[in-house]
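J.: Just so we're aligned, residue 69 is where the sequence shown starts under this note's numbering, counting upward by one.
Derived from the structure by calculation, the hints contain no laboratory data.
Treat the hints with care, since some could be wrong.
[Stated by the list, open to error] Straight-line C-alpha distance at most 27 Å; calculated BS3-like pairs for lysine-lysine:
| no. | residue 1 | residue 2 |
| --- | --- | --- |
| 1 | K535 | K637 |
| 2 | K342 | K395 |
| 3 | K650 | K607 |
| 4 | K616 | K483 |
| 5 | K395 | K417 |
| 6 | K648 | K637 |
| 7 | K637 | K650 |
| 8 | K333 | K356 |
| 9 | K656 | K435 |
| 10 | K699 | K581 |
| 11 | K580 | K417 |
| 12 | K417 | K379 |
| 13 | K702 | K637 |
| 14 | K644 | K702 |
| 15 | K146 | K135 |
| 16 | K557 | K616 |
| 17 | K417 | K572 |
| 18 | K379 | K389 |
| 19 | K431 | K318 |
| 20 | K483 | K572 |
| 21 | K656 | K705 |
| 22 | K731 | K744 |
| 23 | K650 | K702 |
| 24 | K637 | K620 |
| 25 | K342 | K318 |
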Amino acid sequence: EPFVADEYIERLVWRTPGGGSRGGPEAFDPKRLLEEFVNHIQELQIMDERIQRKVEKLEQQCQKEAKEFARKVQELQKSNQVAFQHFQELDEHISYVATKVCHLGDQLEGVNTPRQRAVEAQKLMKYFNEFLDGELKSDVFTNSEKIKEAADIIQKLHLIAQELPFDRFSEVKSKIASKYHDLECQLIQEFTGAQRRGEISRMREVAAVLLHFKGYSHCVDVYIKQCQEGAYLRNDIFEDAAILCQRVNKQVGDIFSNPETVLAKLIQNVFEIKLQSFVKDQLQECWKSDAEQYLKSLYDLYTRTTNLSSKLMEFNLGTDKQTFLSKLIKSIFISYLESYIEIETSYLKSRSAMILQRYYDSKNHQKRSIGTGGIQDLKERIRQRTNLPLGPSIDTHGETFLSQEVVVNLLQETKQAFERCHRLSDPSDLPRNAFRIFTILVEFLCIEHIDYALETGLAGIPSSDSKNANLYFLDVVHQANTIFHLFDKQFNDHLMPLISSSPKLSECLQKKKEIIEQMEMKLDTGIDRTLNCMIGQMKHILAAEQKKTDFKPEDENNVLIQYTNACVKVCAYVRKQVEKIKNSMDGKNVDTVLMELGVRFHRLIYEHLQQYSYSCMGGMLAICDVAEYRKCAKDFKIPLVLQLFDTLHALCNLLVVNPDNLKQVCSGEQLANLDKNILHSFVQLRADYRSARLARHFS
Numbered sequence: 069e070p071f072v073a074d075e076y077i078e079r080l081v082w083r084t085p086g087g088g089s090r091g092g093p094e095a096f097d098p099k100r101l102l103e104e105f106v107n108h109i110q111e112l113q114i115m116d117e118r119i120q121r122k123v124e125k126l127e128q129q130c131q132k133e134a135k136e137f138a139r140k141v142q143e144l145q146k147s148n149q150v151a152f153q154h155f156q157e158l159d160e161h162i163s164y165v166a167t168k169v170c171h172l173g174d175q176l177e178g179v180n181t182p183r184q185r186a187v188e189a190q191k192l193m194k195y196f197n198e199f200l201d202g203e204l205k206s207d208v209f210t211n212s213e214k215i216k217e218a219a220d221i222i223q224k225l226h227l228i229a230q231e232l233p234f235d236r237f238s239e240v241k242s243k244i245a246s247k248y249h250d251l252e253c254q255l256i257q258e259f260t261g262a263q264r265r266g267e268i269s270r271m272r273e274v275a276a277v278l279l280h281f282k283g284y285s286h287c288v289d290v291y292i293k294q295c296q297e298g299a300y301l302r303n304d305i306f307e308d309a310a311i312l313c314q315r316v317n318k319q320v321g322d323i324f325s326n327p328e329t330v331l332a333k334l335i336q337n338v339f340e341i342k343l344q345s346f347v348k349d350q351l352q353e354c355w356k357s358d359a360e361q362y363l364k365s366l367y368d369l370y371t372r373t374t375n376l377s378s379k380l381m382e383f384n385l386g387t388d389k390q391t392f393l394s395k396l397i398k399s400i401f402i403s404y405l406e407s408y409i410e411i412e413t414s415y416l417k418s419r420s421a422m423i424l425q426r427y428y429d430s431k432n433h434q435k436r437s438i439g440t441g442g443i444q445d446l447k448e449r450i451r452q453r454t455n456l457p458l459g460p461s462i463d464t465h466g467e468t469f470l471s472q473e474v475v476v477n478l479l480q481e482t483k484q485a486f487e488r489c490h491r492l493s494d495p496s497d498l499p500r501n502a503f504r505i506f507t508i509l510v511e512f513l514c515i516e517h518i519d520y521a522l523e524t525g526l527a528g529i530p531s532s533d534s535k536n537a538n539l540y541f542l543d544v545v546h547q548a549n550t551i552f553h554l555f556d557k558q559f560n561d562h563l564m565p566l567i568s569s570s571p572k573l574s575e576c577l578q579k580k581k582e583i584i585e586q587m588e589m590k591l592d593t594g595i596d597r598t599l600n601c602m603i604g605q606m607k608h609i610l611a612a613e614q615k616k617t618d619f620k621p622e623d624e625n626n627v628l629i630q631y632t633n634a635c636v637k638v639c640a641y642v643r644k645q646v647e648k649i650k651n652s653m654d655g656k657n658v659d660t661v662l663m664e665l666g667v668r669f670h671r672l673i674y675e676h677l678q679q680y681s682y683s684c685m686g687g688m689l690a691i692c693d694v695a696e697y698r699k700c701a702k703d704f705k706i707p708l709v710l711q712l713f714d715t716l717h718a719l720c721n722l723l724v725v726n727p728d729n730l731k732q733v734c735s736g737e738q739l740a741n742l743d744k745n746i747l748h749s750f751v752q753l754r755a756d757y758r759s760a761r762l763a764r765h766f767s
């Protein structure tokens with residue numbers, strides 16, 4: 069522990085008798101404590117002197133050892149310098165000897181190489197003489213175990229024979245060629261046998277010998293052929309091919325000096341013979357009889373082939389294996405891909421037409437011809453400007469002629485077509501082909517199905533003066549809205565990725581915009597006419613149920629109802645229609661349509677109230693009716709509509725207010741900003757209006 073003087077003195081004091089400051093058996097004795105301090109100081113001085121002497125002794129010893137160490141280091145440095153000089157001398161001597169040895173080796177090689185060539189030439193001349201004599205006596209030609217040496221000799225003789233004139237050496241040239249061919253066949257047979265026995269080392273030896281023969285390529289062909297024997301035992305030829313190539317890839321490097329070339333040749337053989345034959349057999353069956361199965365099979369086969377190609381990319385096939393594999397795939401499918409888009413569009417059109425026709429047949433419905441050209445355009449412009457139904461009204465019996473099942477089927481067929489198009493189209497043709505598929509979708513889904521349903525729905529909307537009319541167009545709106553969301557999702561999810569970086573993008577967006585605008589126009593027209601029909605129904609209810617005596621009862625003191633029967637039925641009808649609108653639309657469209665209905669509803673009630681004369685009790689009943697209408701308007705959740713009915717309720721107060729308070733009521737918060745003619749028109753509805761007192765107060 070570190071030395072602390074204060075703590076040391078404290079411990080010394082407590083150990084000294086009489087050193088304590090508190091009471092106890094021995095009181096505080098300063099003399100005794102002083103004496104103890106003096107003695108302890110003397111002891112510390114003696115200890116300090118002893119330690120100092122020891123330190124000096126150790127310092128002297130350390131200095132002596134340091135000098136001795138320095139002396140030894142100097143001696144070692146001198147020894148190291150001497151050793152280094154000896155090493156340099158030895159290195160120079162070794163370099164000198166090595167130079168002499170290399171020079172001597174070069175001289176020996178210069179003498180030995182011509183000698184070896186002369187010996188080799190002598191041997192070849194000896195063997196050549198045997199061919200001239202027509203009798204092969206050398207052991208190398210008669211001993212089957214020396215086929216490797218014989219092959220080397222005959223290969224060299226064959227090259228020499230090529231340079232000899234034919235007229236003088238025709239016979240010997242033919243004998244050499246015959247022997248060359250025999251040895252080549254023997255080597256190939258030896259290679260074949262070794263491959264069947266699984267002797268990799270022997271195969272490598274024979275392949276190395278055959279490398280200089282013309283039949284080397286035949287050796288590779290034999291190897292590739294035997295590799296495929298028994299390789300295609302499963303039902304999946306693509307999986308079999310992948311396993312075969314993986315197995316050969318592990319083996320081929322141990323046999324051939326150019327493994328990447330051999331493996332590439334095997335893959336080419338698999339693609340051009342096995343796969344091409346398999347693809348042809350699969351597609352030939354449904355080429356003309358079943359377009360759907362043909363397209364599915366083509367897509368499946370092409371996908372599996374490209375997947376196999378991706379697996380083969382991990383092998384060493386040379387420099388540009390991507391191009392090599394792409395050419396192999398193209399060689400198999402080129403004839404099918406050229407006609408793909410025509411078959412795809414033809415099938416998609418027929419399939420879409422069949423789906424629609426099957427649906428209309430299930431409804432026992434014969435599609436009407438909507439018509440095109442100038443007359444139809446003229447009708448459309450007239451209908452947009454006048455909102456009049458053109459042509460006879462059609463009773464659809466509540467049928468919208470829209471089916472989510474049909475739409476899902478059409479979108480599913482188109483989705484599959486987009487997927488096939490993405491996979492099977494050339495990158496340069498992809499946007500154009502995708503656009504063709506999109507136009508078919510627009511034709512059958514948007515025009516033949518949705519647009520036809522809108523036209524039929526518009527024709528089925530009754531006139532505004534029809535009684536007890538069933539309004540089904542909102543159901544059409546609801547279903548059309550749902551269907552178009554599905555259409556828009558497919559546009560974004562499946563079409564956009566195919567055309568996003570091409571000029572076709574703007575063309576598709578423009579076409580989609582035109583379709584949306586065309587449908588929105590018809591939806592707006594249908595909704596507007598439907599709202600007119602709703603108002604017409606309310607008019608019929610009010611005309612049938614509202615009596616003049618409701619607001620001018622014969623017995624003013626015997627009125628037992630809170631609001632009129634007409635009000636009850638109108639409010640029930642309105643609530644039902646509001647609920648239907650909310651269920652049929654979404655987003656801001658709900659508020660827009662409800663606001664339009666609310667404004668027309670207010671106008672109807674306002675004009676309806678203007679038709680009657682009101683007694684005091686009748687005015688109270690009118691106020692109760694308007695209060696009920698206002699409660700109904702709250703369901704709209706549209707501030708403007710509620711404000712209109714609040715103002716109408718305030719106007720109805722003019723029917724019952726005391727003549728003396730008319731001016732005060734008219735200047736109230738809700739009526740102050742209204743035109744005076746409106747206020748006057750309501751005051752005129754009072755039964756007592758013609759009294760001079762009321763007219764005077766209002767003037």
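J.: Take the hints in turn and mark each one as holding or not.
T.: Hint check results:
With a C-alpha separation of about 15 Å, the suggested pairing of K535 with K637 holds against the 27 Å cut-off. Our distance criterion of 27 Å between C-alpha atoms is met by K342 and K395, whose separation comes to about 16 Å. Among the hinted pairs, K650 with K607 is consistent with the structure: their alpha-carbon atoms are about 23 Å apart, no more than 27 Å. Only pairs whose Cα atoms come within 27 Å are accepted, and K616 paired with K483 is rejected, the gap being roughly 64 Å.
Between the alpha carbons of K395 and K417 the distance comes to roughly 32 Å, so the proposed pair goes past 27 Å and is violated. The suggested pairing of K648 with K637 holds, with an alpha-carbon distance near 17 Å, which does not exceed 27 Å. Distance restraint check for K637 and K650: the Cα-Cα separation of roughly 20 Å lies within the 27 Å cut-off, and the hinted pair is therefore satisfied. A distance of roughly 34 Å separates the Cα atoms of K333 and K356; the hinted pair therefore is violated under the 27 Å criterion.
The straight-line distance between the Cα atoms of K656 and K435 is roughly 34 Å, outside the 27 Å bound, and the hint therefore fails. A C-alpha spacing of about 41 Å is found between K699 and K581, which places the hinted pair above 27 Å, so the restraint is violated. Proposed proximity of K580 and K417 is supported: the alpha carbons are some 19 Å apart, at most 27 Å. Taking the CA atoms of K417 and K379, the gap is about 37 Å. The hint is violated against a cut of 27 Å.
For a cut-off of 27 Å, the pair hint linking K702 to K637 stands: about 17 Å separates their Cα positions. For the proposed pair K644 and K702, the alpha carbon gap of about 14 Å is at most 27 Å, so the pair holds. Between K146 and K135, the direct Cα distance comes to roughly 17 Å. Compliance with the 27 Å bound is thereby established for this hinted pair. The straight-line distance between the Cα atoms of K557 and K616 is roughly 56 Å, outside the 27 Å bound, and the hint therefore fails.
Between K417 and K572, the direct Cα distance comes to roughly 21 Å. Compliance with the 27 Å bound is thereby established for this hinted pair. With a C-alpha separation of about 12 Å, the suggested pair K379 and K389 falls inside the 27 Å cut-off, and the hint holds. Straight-line distance between C-alpha atoms of K431 and K318 comes to about 65 Å, which puts the hinted pair past the 27 Å bound. For a cut-off of 27 Å, the pair hint linking K483 to K572 stands: about 18 Å separates their Cα positions.
The straight-line distance between the Cα atoms of K656 and K705 is roughly 12 Å, inside the 27 Å bound, and the hint therefore holds. Simply put, K731 and K744 have alpha-carbon atoms about 11 Å apart, close enough for the 27 Å limit, and the pair holds. At roughly 14 Å between alpha-carbon atoms, K650 and K702 fall within 27 Å of each other, so this suggested pair holds. For the hint pairing K637 with K620, the CA-to-CA distance comes to about 20 Å; that is within 27 Å, so the pair holds.
The straight-line distance between the Cα atoms of K342 and K318 is roughly 22 Å, inside the 27 Å bound, and the hint therefore holds.
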